[in-house]
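Given only the sequences and the hints, what does the whole structure look like? Please build it.
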Amino acid sequence: MAATVELRTRGRRPSRLLDLRRDLPETLRWLLAAAGLLGVLGLWLWAAGRESGSVRVPTPAATVDALREQWREGTLWSDTRASSSRILYGYSISMAIGVVAGIAIGSVRSVEATLEAPIGFLRYVPANALTPLLLMWLGIDEAPKITLIVLGTVFFNVLMTADVARSVPRELIEASYTLGARRLTVLRRVILRHSVPGIIDVARINLAAGWLMLVVAELLAAQDGLAFRIVKAQRGRRVDTIFAILIVFGIIGMLSDLALRWLRNATSRWARP
Amino acid sequence: MTPGTDIVEATTSAATPERGAEAAQAAKLTVRELTKRYPGRRRTPEVVALDNVDLHVGAGEFVALVGTSGCGKSTLLRIVAGLEQPTAGAVRVDGETVVGPGPDRGMVFQNYSLFPWRTVAGNVAFGMELARWSRAKRSARVDELLGIMGLTEHAERLPRELSGGMRQRVAIARALATEPDVLLLDEPFGALDAQTRLAMQEFLRSVWLRTGATILLVTHDVDEAIYLAQRVYVLQASPGRIVEEIVLPFTSQRGPAIKRTPRFLDLRDEIHDLLLST
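So the sequences go chain by chain: A and B. Add 61 to the 1-based position in the first sequence for this note's numbering, that's all there is to it. Just so you know, this note's numbering puts 78 at position 91 of the second sequence, and the rest follows in order with no gaps.
You can trust all of the hints, since none of them are fake.
Only pairs whose alpha carbons sit at most 25 Å apart, straight line, appear in this in silico SDA-like list of lysine to any residue:
no., chain 1, residue 1, chain 2, residue 2
1, B, K246, B, D256
2, B, K124, A, T246
3, B, K124, A, G241
According to the in silico footprint, chain A covers these stretches of chain B (three or more CB under 8 Å from chain A):
no., segment
4, 85 to 97
5, 159 to 166
Worth flagging that the hints you see were computed from the coordinates, not collected in a lab. All values derive from a computational prediction rather than experimental measurement. Don't be surprised by glycine CBs; every beta carbon is placed ideally from N, CA and C.
See below:
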């Protein structure tokens, strides 16, 4: 019987699970995704099962009950609507400024030279440090909250959009000129158009900062809204309610991200990897 | 004309070019005493990219500008297109001085110049949209051009779904769409593989014969220049200077077979020698 010959090998054997940048088999992908979700749920259940000291974690079931209770009282819907509409207004204004200023800064050197210094200064002023000023100047209604969302996100949106505009290949701009395009036409139909997927990505990334600012605003002065509900629950020591609201935040975030991703793919088939 | 520039006449006159080779007075495009200097900085010396360059292209003529990389030939073409400004001298089209880019000078870049979000038809139509052609007129012209370019069945594809050769055909169609006075080609086949390159050369010749366009081609490929053009300018590097103007002795009806003729090979050697001697 021939002895098994151990062949020497060369090269690094690829790993199915940990290869860099290599696609996973579809089933493995789903398995891992499910494992991730179940892992979090398991951790939660484990934490909820421990009764130690002052930290009390509600069970998933209790959290769902709290959610139901809020739904019955109607506050879940009204809070979600109040917070979402603040985000919608504030973030729309912020994106509008971001797109106009960002495209201008990324495309026109004179605009860039003029605005670089002031933006460089302003963006390091933490927006939430402005809350007292905004409350003094704008009262306690919607205006200061929306303004805070704008201030907390607009500089990121402007600067990141400017980067997106800068990455438009110069040859596209030059080709447009040789085809008879004027500057404004190039801005609109070439630079802006080419930037659409990048701008949607910018919106996706900075939307999280928008919610951050919303919470800051609602914690300080509000009569409704998801973050306001958290403060109220704290006074009543309703940990389950707080958990319920946190989950609502997560779900809204995920949904808006999905929506923006869909928008990106719908408008920019050409830019898909 | 610059010193050292003399015209090498065709050695035999058996085959004279049929179309407008020597029409300096009827020149569509003239470049006069063009100089482009890039000023030096503290540690970098001044660069003279183009030194007193004169050239002209007659109406309907196909002229090539050949030179090694870095000799300023692309700079020259970009100045003609109006994308860069000369330090001295002027570019005129039909007697009018070029001050900036315009649709009268169509340009084909080496690479990456198609709008990636527009379909093939959309890319070709862009210049016509800017010129406010009617929808009917646009689509008729797109159909016509895609027919010439052999792209009819790819009209609705995106640039990323096309091969390199197809992309350049789209770029040529787009540049020709509004019938510019001059078509400028900047190393249009430089990024293509050898086989595609030869096919595209044939294709460009047929486009020229069919459309009668006035063409200025910039290339580092000597064979390409001789095979396609009626006249060739040889540009030497640092400073970029035209050292020779050669009127090619081949007819417009030439085929690939001429590439093996002694005359072709002689011209090729001559130009290669010129490019090597600096």
